[in-house]
Amino acid sequence: VDKSTWTREIIERNGTFGIVVPGVAAASWTYAVGSVSGRDEDKFNAWGIPVVTGPELGLPLIEEKCLAWMECRLLPATAAQTQYDTLFGEVV
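Going by UniProt numbering, the final residue of the sequence shown carries number 92, and the count climbs one at a time with no gaps.
Fair warning: there could be bad hints in the mix.
With a cut-off of at most 20 Å between alpha-carbon atoms, the simulated EDC-like pairs for lysine to aspartate or glutamate come out as follows [claimed, not checked]:
{"#": "1", "residue 1": "Lys43", "residue 2": "Asp2"}
{"#": "2", "residue 1": "Lys43", "residue 2": "Glu64"}
{"#": "3", "residue 1": "Lys3", "residue 2": "Asp85"}
{"#": "4", "residue 1": "Lys43", "residue 2": "Glu9"}
{"#": "5", "residue 1": "Lys43", "residue 2": "Glu63"}
{"#": "6", "residue 1": "Lys3", "residue 2": "Asp40"}
Quick list of simulated restraints, FRET-style, between CB atoms [unchecked claim]:
{"#": "7", "residue 1": "Trp47", "residue 2": "Thr5", "range": "15 to 25 Å"}
{"#": "8", "residue 1": "Trp47", "residue 2": "Gln83", "range": "11 to 21 Å"}
{"#": "9", "residue 1": "Ala79", "residue 2": "Ala46", "range": "32 to 42 Å"}
{"#": "10", "residue 1": "Arg8", "residue 2": "Val51", "range": "19 to 29 Å"}
{"#": "11", "residue 1": "Gln83", "residue 2": "Thr53", "range": "13 to 23 Å"}
{"#": "12", "residue 1": "Pro50", "residue 2": "Ala79", "range": "31 to 41 Å"}
{"#": "13", "residue 1": "Ser28", "residue 2": "Ala79", "range": "31 to 41 Å"}
{"#": "14", "residue 1": "Gly48", "residue 2": "Ala79", "range": "32 to 42 Å"}
Rather than coming from a laboratory, the hints here were simulated on the basis of the structure. Please read these numbers as outputs of a predicted model, since none were measured by experiment. Glycine is no exception: its CB is placed at the ideal position from the N, C-alpha and C atoms.
Modelling step: build the complete structure from the supplied sequences, incorporating the hints.
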């Protein structure tokens, strides 16, 4: 996750993140939300994507049209995070 992105800023600030595995039916959503920054607009509202609250960390997650989701806690920084913009998390 590039350090210049809104996603990275939120993950590092909150220490948590969600991972959603979209199904084929969510292909248009995947393209749409990947093409704009959440810093500029609320992607869920803009594309009419329904969100549920995760049971463990209370993260916004997408169930509809998705195969799976995970709530994660950010693990302490490693050399990979700094050098390769790779983040590691513990699934809770």
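For each hint, the structure was consulted:
no. : hint                       : verdict
1   : Lys43 to Asp2              : 19 Å, holds
2   : Lys43 to Glu64             : 15 Å, holds
3   : Lys3 to Asp85              : 7 Å, holds
4   : Lys43 to Glu9              : 16 Å, holds
5   : Lys43 to Glu63             : 15 Å, holds
6   : Lys3 to Asp40              : 17 Å, holds
7   : Trp47 to Thr5: 15 to 25 Å  : 18 Å, holds
8   : Trp47 to Gln83: 11 to 21 Å : 34 Å, violated
9   : Ala79 to Ala46: 32 to 42 Å : 37 Å, holds
10  : Arg8 to Val51: 19 to 29 Å  : 20 Å, holds
11  : Gln83 to Thr53: 13 to 23 Å : 34 Å, violated
12  : Pro50 to Ala79: 31 to 41 Å : 39 Å, holds
13  : Ser28 to Ala79: 31 to 41 Å : 37 Å, holds
14  : Gly48 to Ala79: 32 to 42 Å : 41 Å, holds
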